[in-house]
Amino acid sequence: MMKHVVNKKVGKQEPRWQTKISGGNFVDKFHAYRNLHAHALFSSLGRLLASRFSFVMTIIVLAIAISLASGFYILVVNLQQLAGNLEASNQISLFLKDEISETRANKFVNSIKQNPDIQEVKLITKDEALAEFQAYSGFGDAVKALENNPLPLVVQVLPKNSLKEEQALEALLDDFKRSAEVDFAQMDMQWVKRLQSIMEVAERGVVLLSLLLGAGVLFITANTIRLEVHNRRDEVVIAKLVGATNGFIHRPFLYSGFWIGFFSGVAAWFIVTIIMLILKQPIEKLSGLYDDGFRVLFFGFTETLALLFISSVLGVVGSWIVLHFQLRQLKPE
Amino acid sequence: MLKFDNVSMRYPGAGDVLRNVSFHLQRNEMAFLTGHSGAGKSTLLKLIAVIERCSRGQVILDGQNLNQAKDRQIPFIRRKVGLIFQDYKLLQDRTVFDNVALPLVIAGYGHHEVSRRVRASLDKVGLLGKEKKYPAVLSGGEQQRVGIARAVVNKPPMILADEPTGNLDPELSAEIMHLFEQFQQVGVTILIASHDISLIAQMNHRILKLDHGQLVAS
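If you're matching them up, the sequences are chains L and E in order. Each residue of the first sequence is one higher than the last, beginning at 1 in the working numbering. Each residue of the second sequence is one higher than the last, beginning at 334 in the working numbering.
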């Protein structure tokens, strides 16, 4: 308070030359600090917008990189949903030989039931199979035109859950394959498993791609900021000469990095969403042909926030790298 | 206020630019630094603004040994020294007001305080009313006065000027020098590097003369 009063008094008279370095009271200083940040935030945006062409080009390059990573992520999320709909059961399907009658098939089913490893056995008769095929395959009318039922008898075997081990299941499958009644035995789970491993590869791919493209974003931002520092070299030098701290000099550039990252994130969000909208109809048409449980997923609220946050952080870190290594070397003269 | 104690400065490959320079400027003293081109005038000023550090000896400003200053202390040392340049070093894309306000903004002053001090400083150099103009539309003398207003706006205890009248005609130069004398009268220590011998001779102040890096007259 004292200082404030003194300043007021001095203001009315001739300013006195004092050896004081800092001034203003605490509240005034806090406001000044906040204003500095607000000013740096908006002036850096203004500066970026003023150089419209290069700004837009940078944003587009970054947005493409970010949308590649995030688009691939959304693709995997959608595939996961697809894979998630498929229950990974251990079910084994036994296609019986053509000459096996239904009576003999029933005997075969009973014999399987004796096996302590088996939980459930179900015979699907030729008629049942035909009806199901007619209903779901889309070839209903064509099937009606057939004179004979070409479908085999099928026995669906569900092993007990205790039988989890791959080798035990394989052994069981081999047993069935050797049975006289069986033409062809297939473990339903196998292709689900394959899909799941493909998904694992894809997930890892997303991580690696994101790291790579993230590094790309980082260095593109860094280079943009480097040019910005170069263009404003005079300003930086003068600010240093009149006593600017590194923090003061870095601030507007860090905010520039933030804006670049943020706008790239927003642009990437639109790119991916537009692509998904274009793909939505054909995908849903396609999935409708198989199983209508599938819905195209877009960025959720959390994912949108994460996208914007990560791209903004990459922008800030990118500019920080340049400032840390370049501005330190920038001597006033 | 400012003390040079056996200061030598050697640039790699260029030999000694300053050799065993010793002098002491009292608070409130005004002095000229002269010598032929390349005598080491600019280097000496750079040591005070910690743009360079001396190879041997000690530079002591306001009781602080500049050789031992850490990098993060440098900005705060520079706030004690108002720098004035031959080429003014104004930001061409900022108004006169913004140029003069820069040291205050950097030091974290509030809006009202900045406004008040910038006006007082511009008033002092006779440029009140030109706050909204850009440096490019001002004459050389006016631009240099903006530079001076910026150097003194933070009320530093010391002013360093490197050839401040180098680009000005004799009449304007005399005006600028008169302005420096006014600052000296309110307690600022001033060191002006200049090779304008006739101008310096007219003024009754201490003269430090450098010759090939050595102080030959003080």
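Simulated from the structure, these hints should not be mistaken for lab results. Warning: the hint list may mix true and false statements.
[Said to hold, decoys possible] In the SDA-like style, the derived pairs of lysine to any residue whose C-alpha atoms are separated by at most 25 Å in a straight line are: (1) Lys-193(L) with Leu-209(L); (2) Lys-413(E) with Asn-246(L); (3) Lys-29(L) with Glu-464(E); (4) Lys-466(E) with Leu-211(L); (5) Lys-413(E) with Leu-209(L); (6) Lys-336(E) with Phe-430(E); (7) Lys-29(L) with Phe-409(E); (8) Lys-29(L) with Arg-449(E); (9) Lys-466(E) with Ala-50(L); (10) Lys-280(L) with Glu-303(L); (11) Lys-403(E) with Val-438(E); (12) Lys-403(E) with Glu-464(E).
Results of checking the hints against the structure:
| no. | hint | in the structure |
| --- | --- | --- |
| 1 | Lys-193(L) with Leu-209(L) | holds (24 Å) |
| 2 | Lys-413(E) with Asn-246(L) | holds (17 Å) |
| 3 | Lys-29(L) with Glu-464(E) | holds (24 Å) |
| 4 | Lys-466(E) with Leu-211(L) | violated (50 Å) |
| 5 | Lys-413(E) with Leu-209(L) | violated (52 Å) |
| 6 | Lys-336(E) with Phe-430(E) | violated (34 Å) |
| 7 | Lys-29(L) with Phe-409(E) | holds (17 Å) |
| 8 | Lys-29(L) with Arg-449(E) | holds (15 Å) |
| 9 | Lys-466(E) with Ala-50(L) | holds (21 Å) |
| 10 | Lys-280(L) with Glu-303(L) | holds (19 Å) |
| 11 | Lys-403(E) with Val-438(E) | holds (23 Å) |
| 12 | Lys-403(E) with Glu-464(E) | violated (36 Å) |
The structure fails hints 4, 5, 6, 12 (numbered hints given earlier, in ascending order).
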